[in-house]
Every structure is written in structure tokens, then in C-alpha cells.
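The lines below spell out each chain.
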Amino acid sequence: MENFEPEIVAFCCHYCAYTAADMAGSKRISYPPNVKIIRVPCTGKVDAIHIMKALEKGADGVYVAGCLEGDCHFKTGNTRASHRVIQVQKILEDLGWETDRVAMINMSAGMGERFAETALEFTEKIRNMGPSPAKQRKPEPQAVS
Amino acid sequence: MITAEQKPMQEIIRYMAPYKKILLIGCNECVTVCAAGGRKEVGLLASALHLNSLKEGRTIDIKEITLERQCDPEYVEELNAYIDDADAVLSMACGCGVQTIAERYKNAHVYPAVNTKFMGASLSQGVWAERCQGCGDCMLGITAGICPISRCSKSLLNGPCGGSSDGKCEIGPETDCAWCLIWERLKELGLQDRYEELVEAKDWRPAGGAGPRKIIREDLAL
Numbered sequence: 001m002e003n004f005e006p007e008i009v010a011f012c013c014h015y016c017a018y019t020a021a022d023m024a025g026s027k028r029i030s031y032p033p034n035v036k037i038i039r040v041p042c043t044g045k046v047d048a049i050h051i052m053k054a055l056e057k058g059a060d061g062v063y064v065a066g067c068l069e070g071d072c073h074f075k076t077g078n079t080r081a082s083h084r085v086i087q088v089q090k091i092l093e094d095l096g097w098e099t100d101r102v103a104m105i106n107m108s109a110g111m112g113e114r115f116a117e118t119a120l121e122f123t124e125k126i127r128n129m130g131p132s133p134a135k136q137r138k139p140e141p142q143a144v145s
Numbered sequence: 146m147i148t149a150e151q152k153p154m155q156e157i158i159r160y161m162a163p164y165k166k167i168l169l170i171g172c173n174e175c176v177t178v179c180a181a182g183g184r185k186e187v188g189l190l191a192s193a194l195h196l197n198s199l200k201e202g203r204t205i206d207i208k209e210i211t212l213e214r215q216c217d218p219e220y221v222e223e224l225n226a227y228i229d230d231a232d233a234v235l236s237m238a239c240g241c242g243v244q245t246i247a248e249r250y251k252n253a254h255v256y257p258a259v260n261t262k263f264m265g266a267s268l269s270q271g272v273w274a275e276r277c278q279g280c281g282d283c284m285l286g287i288t289a290g291i292c293p294i295s296r297c298s299k300s301l302l303n304g305p306c307g308g309s310s311d312g313k314c315e316i317g318p319e320t321d322c323a324w325c326l327i328w329e330r331l332k333e334l335g336l337q338d339r340y341e342e343l344v345e346a347k348d349w350r351p352a353g354g355a356g357p358r359k360i361i362r363e364d365l366a367l
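So the sequences go chain by chain: A and B.
In terms of this note's numbering, the first sequence opens at residue 1 and continues consecutively.
In terms of this note's numbering, the second sequence opens at residue 146 and continues consecutively.
Derived from the structure by calculation, the hints contain no laboratory data.
C-beta atoms are modelled at their ideal positions from N, C-alpha and C, and glycine is treated no differently.
Be aware that one or more of the hints could be misleading.
For each label pair, taking beta carbons as the anchor points, the in silico distance ranges come out as [to be verified]:
1. B:G271 with A:N3: 43 to 49 Å
2. B:P218 with A:L120: 54 to 60 Å
3. B:E319 with A:E69: 52 to 58 Å
4. B:I287 with A:G96: 50 to 56 Å
5. A:K57 with B:A247: 33 to 39 Å
6. A:E69 with B:L301: 44 to 50 Å
7. A:I86 with B:E156: 31 to 37 Å
8. A:T99 with B:K166: 27 to 33 Å
9. B:E222 with A:L120: 53 to 59 Å
Restricting the straight-line Cα-Cα distance to at most 27 Å, the calculated cross-link-like pairs of lysine-lysine (DSS-like) are [claimed, not checked]:
10. A:K36 with A:K53
11. A:K90 with B:K251
12. B:K200 with A:K53
13. B:K313 with A:K135
14. B:K359 with A:K57
15. B:K313 with A:K90
16. A:K57 with B:K152
17. B:K152 with A:K90
Not close to chain B: a few residues of chain A, all C-beta gaps over 12 Å, as computed [stated by the list, open to error]:
18. N3
19. N34
20. K90
21. R114
Only chain B is shown next, with the shape it has when bound in the complex (with noise of 0.2 Å):
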């Protein structure tokens, strides 16, 4: 899922101040699971935003709502019995949903409120940790289910660096040296002829290398 944190709370009252009528929108799907931007974190922005203003002895107006998803054109229609009432609109979603709303409303004041992260995957409650870079030549089979591009610090295909070292990348004893965790993998699953077979050098294209990538299924055309 996509990852994100609630922007510091003072960038935010920042970009609020000019306005009155406050349109602050959630979404239901990721930043929800990573309790950045769902419908809880919405009430609390919601109300940290009211303490802000009775503090500065102003009124504004804050119209709750939380969408399924932010992303898709559907779903931001909802929004219609809303958006004119509105002098500006706070979006806790993803960049993509930031956007989407932006693109749709275009005479609309958009703002986010979290810095989306990365594509990462739950370790434990609260613990979230980089694991895809959407590189779009997908190569977990060949390395055990563990992802060089977004696991390794510099993305290397064929084994570890020498800044490896106990396990650890060179970078800090906190990132495992994802080579090493693909090689004990491998040998754990009796598979270490693999790691003789050399990757080519990557088409970094599908992976962005040639400019904002987009699928289209013609398949799906309504």
C-alpha cells in the first residue's frame, strides 16, 4: 500500500490561514491503514484546526467527508454537493488523490495535508517498511521473493556490494543488506544455482526512466 505521514501540523494551519470554509477530505483505503488520512484522522484534523482558529479568535467552517478513494473519478464526484462552498479543499489522501481532485476542480484551492511515502508493506502494528518502487519488470521471482530494486540502497542485480557487512548495508545497521537476505533465502530454499544466473542490465523505462508512465486497458473502456 501507499505510505504517508500527517504534514507538520504548522505547514498546514499555514496553508489554511487565508481561508474561511475549510472542505477537509479522507480517504478510505491506504492512508487509512497507515492512520494518516482516514476518517478518524480527518476528525482530528478537523478539530485540531477548530482549537487553532478559537485560539486566534476566528471562526472557520470545516466540512467533514471521507471517500472511498481519492483516485478515482467516481468517487471525487461526490464531492459536487460540496466544492462550491468551499474556499479551500485540505486533501489527507496520497499525492495521487491530491491531484485527482486538483484535475477535477480546477477552479478549486487544493492543498495536502500528509507527505505520501512509499510503497511498503506492514511489519508489525504501526511499522511500515519500504518494499516496491514500482520498477514494472518485476524480478521477485528470480531473487526469492526479495525485491533488489527497493530492498538493496543502490538497487544492485547481481549480489551485494562490498559496503556489505554482517548483513547490514553499508548505509546504517539499520537496512539489511537485501543481497544477503536473498542469498540466505535462496540457499534456505535450495535454490542457489540461481544466484549464478546473471540479471542483464535493466531497461529502466518501464520503471520511469522515460518520463510518467500510464496503463490503458482498452479492455476495460467503458
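Extracted from the complex, chain A is given alone in its bound form (with noise of 0.2 Å):
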């Protein structure tokens, strides 16, 4: 599919991710609109029924952005989170779908270059993995006239 533009869930932790996000922002570094972001306090509050909600609902990729290791700001949030990624990958592996359409990221809050370039990667990769199993419908049958 030529135009296929992957649509991005980004679960940012308040603290790390989104303040990156927002340095990105303030440095004017750009990174691809295809990301949408959703501000939690912790990441350690996405759980994983969060992320699977977002691929229902026709997200291509889901990524969940924390603190560095060791740096979550509510000390294992982020540790957390990485689990309950795995978890969906382990769902998402059981159902034949590709694992890496979710990921964990970790970043500090000074870290706007890695957000953007994170984004970036992401979102390729997603682009060259071609839209969610979930909107590659079967054809309709034709029907004999």
C-alpha cells in the first residue's frame, strides 16, 4: 500500500518521555506527526489491556516511553511497564502477529534528540511492516450474478 501512513499510539510518562517530547518540541526538532501522544503519570500506570485497547481501535504500532532504568521517578513504574510490554508481545506472538509493532523505550527528560529520533525509527519500522493485521481484512467474496 503506497500511502500508508502508520498511525502511532506513544504511552510518555509524565516526568521522562513527555518532557523529552516537549524539549523536542522546544529545540524545534521535528519527528513524524504519525506519533500520538498519551501523557501518563507513571508508565507504570499503562497496564496492558491499555495497549492492546490501542491496537483494537486501529493502531498500527503502540510504544510505551519511560525513565531510564533505575531513574523511574516512582522507582519501578518503568520496570512495570517493560513487563507488561513483553506480556502483549507474548499475545500479540500467540495471535501471529508481529511482536515488534509494540515496544518499550526508555529516555531521561533532557533526551529531546532521542525522543524525536525514537519516533522516527518507530514509526518506520511500522511503516515498512504495512498497516495492522487488524485492517488487513480478507476481500468480501463476490458474489455470482
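Hints given; two lone chains; assemble the complex.
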């Protein structure tokens, strides 16, 4: 599909990833508009079901962006989030979907460039993968006239 | 508690393939504790089935509900409001719950979504080990709180077999020799003499040897 624009959802923690996104904005560093940011107080708030619902509602890729390992503002939130990302990847594998459609990314609040870089990288990865299998319906059988 | 693990996804998908309207029922007790069939798992399984049906280009309708328990008729009655709308019932409870639902709603197509495993206890977060086999004649008082029926691979009653080696069972290094554990515990408690008291051949009838078991408490009947 030539004009496929991936729909990406990024759950970003307030303390690091969202601030990094803000930093990217302040420094006028562009990142793809495909990435739709959802701010959460901590990535530990993100549960597996949130990622699954994002995919159900049409996201082609979902990533959870949190603080650097060991630096979570709430101590272990980002660790819990990364376990949940793995849990969703396991479900996707069981369903026969590409597990790379979901990812966990870590960064600190000052890493505006990293936010933009990872946003671009992830978007391009999903673009190469193509639309989510949820959108790849089999064509309706043609009626015989 | 009763432990269970979710069935392989493809098996569940196969069960649900002929159906369009599914009643997906969780249980708030044991399967919630072992994260196999509680409210969260119901949500995730429903989402996974939706994703799968989107990929296949078909629509399915899933009603999600989590009962307090599925092994008590009073709780199962709550399904009256939903049962007629469903083509199939997918239960995430242990075998007890699945069967209670099937018995109550005789026209329903009922399927299990988990494999019930064993009666066990939690060792640490996310780890459960078998502790009880429901033999109906508990001897934990004699064996310092360690069960030889469930923890000895051969359910021996009077000490270890010749396969016990370095505290481990001959079946593999991950399995402790229960009798070694019992002996060590009796020693720590200063109750070594108890080891010498012979345990007679076990009556296996309370353990299920005489067929399916039942408890009748007439004092509890309304």
C-alpha cells in the first residue's frame, strides 16, 4: 500500500518521556506527526489492556516511553511497564502478529533528540511492516451474478 | 488455592471459531490470584479475540463478566441476564466453575479457557508449587507440616526411597525429596522420635480411590 501512514500511539510518562517530547518541541526538532502521545503520570500506569485497546482501535504500532532504567520517578513503574509490554508481545505472538508492533523505550527528560529519533525510527519500522493485521481484512467474496 | 494457566491462544480461537456472540466469564477467586482468569485476563482475552477477528475480517460480539466465584450456584445465577444472548460461553474459571455453568445452563455451549493445574501455594511473586492433593486424610501433623502425598513423587509414607540424593528426588534436581525435608524439619523441632512411628498403609478411598467424592453437611442445608 503506497500511501500508508502508520497510526502510532505513544504512552509517555510525565516525568521523562513526555518532558523529552516537550524538549524536542522547544528545540524545534521534528518528529513524525504519526505519533500520537498519551501522557501518563508514570509508565507503570500503563497496563497491558491499554496497549491492546490501542491496537484494537486502529493503532498500527504502540510504544511505551518511560524513564531510563533505574531512574523511574516512582522507582519501579518503568520496570512494570516493560514486563507488560513483553506480556502484550507474547499475546501478539500467539495471535500470529508481528511482536515488533509494540515496544518499550527508555529516555530521560532532557533527551529531546532521542525522543524525536525513536519516534522516527518506530514510525519507519511500522511503515515498513505495513498496516496492522486488524486492517488487513480478507476481501469480501464476490457474489456470482 | 487452585492454580490454572490459560490455554494456548490458538486452541481458544479454534473453540470460538463457529461462534459470533461469546459470553466470556472470569472468576474473582483462585484464577484471579494466579493471573489466569480474573477480570484483567478476561479483558485481555476479549481484546485478543477481537484483534483476531478483525484480522479474519469477521465481527464477534463479546460480553465480558467476572463472577465472584463460578463454583457456587448463587453466583452463576447472575448469568441469567446474559446467557440467552450468547452463542457460546467461554469460562476462565477452573474446571469446577466451568462444570457448574454447564450444569446450570444445559443448552449452552460451554468451553474452558484455562487448564486447571493443581492445589498449590505461592512461593514468591508469580511462582506457585503443588502442596496438596486432597487425600482426605491429612497427615501434616505427623510430618512437621510437609506433605509426603503431594510433595513426594511416589507419595511414600515412611521415609525416602533409595532414589533420594543430596536432598533431591531422583526424578530431577528441581524436585526436593519431601522426606528429606520432613526429616530435617523434625530434627529442627526436636521431634526425631516421630519419624520412628510407622504410618500404616493409607486408605485411599477418601483420596478418590472409591470414585468421585462428595461432602454433605446437613447442618448447612437451608
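Open item on the list: Just to be careful, I want the Cα atoms of K313 (chain B) and K135 (chain A) compared with a cutoff of 27 Å; is the pair within it?
Closed with: 53 Å, violated
Task: Distance restraint evaluation - E222 (chain B), L120 (chain A), Cβ atoms, bounds 53 to 59 Å - done: 55 Å, holds
Open item on the list: Minimum C-beta separation from R114 (chain A) to chain B exceeding 12 Å: can you confirm that?
Closed with: Answer for R114 (chain A): holds, closest chain B Cβ roughly 30 Å.
TODO: Run the C-beta distances from N34 (chain A) to all of chain B and say if the shortest one exceeds 12 Å.
DONE: N34 (chain A) clear of chain B: closest Cβ-Cβ about 20 Å, beyond 12 Å.
Task: Hint consistency between K57 (chain A) and K152 (chain B) [alpha-carbon to alpha-carbon, up to 27 Å] - done: 25 Å, holds
TODO: Measure nothing beyond the straight line between the CA atoms of K90 (chain A) and K251 (chain B); if it is 27 Å or shorter, mark the hint as holding.
DONE: 35 Å, violated
- [ ] Just tell me: holds or violated, for the beta carbon distance of E69 (chain A) and L301 (chain B) against 44 to 50 Å?
- [x] 48 Å, holds
Task: Minimum Cβ-Cβ distance from K90 (chain A) to chain B exceeds 12 Å - done: With a cut-off of 12 Å, K90 (chain A) comes too close to chain B, as the shortest Cβ separation is near 9 Å.
TODO: Grab the minimum beta-carbon distance between N3 (chain A) and chain B and tell me whether it stays above 12 Å.
DONE: Holds, since 21 Å exceeds 12 Å.
Open item on the list: Check whether the Cα positions of K200 (chain B) and K53 (chain A) lie no farther apart than 27 Å.
Closed with: 15 Å, holds
Open item on the list: I want to verify a distance hint. Is the separation of the beta carbons of E319 (chain B) and E69 (chain A) within 52 to 58 Å?
Closed with: Given about 30 Å between the Cβ atoms, the range is violated.
Task: Verdict for I287 (chain B), G96 (chain A) (Cβ pair) under range 50 to 56 Å - done: For G96 (chain A) against I287 (chain B), whose Cβ atoms are near 53 Å apart, the range 50 to 56 Å holds.
Hints 3, 7, 11, 13, 14, 15 and 20 from the earlier list are contradicted by this structure; the remaining hints agree with it.
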